[in-house]
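Modelling step: build the complete structure from the supplied sequences, incorporating the hints.
Residue numbers (our numbering), protein chains in the order written: chain A, 180 to 266; chain B, 180 to 266.
Derived by calculation from the structure, the hints in this document are not laboratory data. Watch out, some of these pointers could steer you wrong.
Copies of the same chain look alike in the list, so a pair counts if it fits in one copy or across any two.
When the alpha-carbon atoms are kept at most 25 Å apart in a straight line, the in silico SDA-like pairs for lysine to any residue are as follows [as the list claims (entries may be wrong)]: (1) Lys234 to Val188; (2) Lys234 to Ala208; (3) Lys234 to Gly193; (4) Lys234 to Thr218; (5) Lys234 to Gln185; (6) Lys234 to Ala195; (7) Lys234 to Gly216; (8) Lys234 to Glu253.
Number of protein chains: 2
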Amino acid sequence: MTFDVQVEVMLRPGIADPEGATIERALPALGFEGVTGVTVGKSIRFQLDSESASKAQETATQMCEQFLSNPVIEDAAISVTQAQVGS
Amino acid sequence: MTFDVQVEVMLRPGIADPEGATIERALPALGFEGVTGVTVGKSIRFQLDSESASKAQETATQMCEQFLSNPVIEDAAISVTQAQVGS
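Written out as structure tokens, the structure reads:
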């Protein structure tokens, strides 16, 4: 079975996020008020062949730990959904 | 009211994604088989003060069009959820 996997890798709370801070600083000058706590991370999507959703989740977790994220400074959120038939 | 907004900016289909291609090529050597269609994008999260969820969605869409994404080569998916009380 094929599963669609989405991995969201965000900096852990407390880790400096200069990209987010720059966006936040620029927003009022562009007419957007009331925006706080901007953080920028990565979103990685792929298709994974696996026996079951739990196996797919396990494989994705291993991939995150090994090289998709840096667990020292980043948190990874994984979501696995079964790929639509025909895709 | 405060809303949590997540914006996922991914390259449009057909646009070259060298980062995703590099990950995909590296995976078999690291022991992960059956992974295809790797695409890498950005995930941007922030809190937004707004009257209603629909207003928040509208503001986020404007932000995307103006500077969070490049509509020529990128698609943006916006999800708005009401922030939890106390956060």
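How the hints compare with the structure:
no.	hint	verdict
1	Lys234 to Val188	within (20 Å within a copy, 28 Å between copies)
2	Lys234 to Ala208	between (48 Å within a copy, 20 Å between copies)
3	Lys234 to Gly193	neither (32 Å within a copy, 30 Å between copies)
4	Lys234 to Thr218	between (30 Å within a copy, 21 Å between copies)
5	Lys234 to Gln185	within (15 Å within a copy, 27 Å between copies)
6	Lys234 to Ala195	neither (34 Å within a copy, 30 Å between copies)
7	Lys234 to Gly216	between (35 Å within a copy, 19 Å between copies)
8	Lys234 to Glu253	within (23 Å within a copy, 31 Å between copies)
Consistency note: the structure conflicts with the earlier hints numbered 3 and 6.
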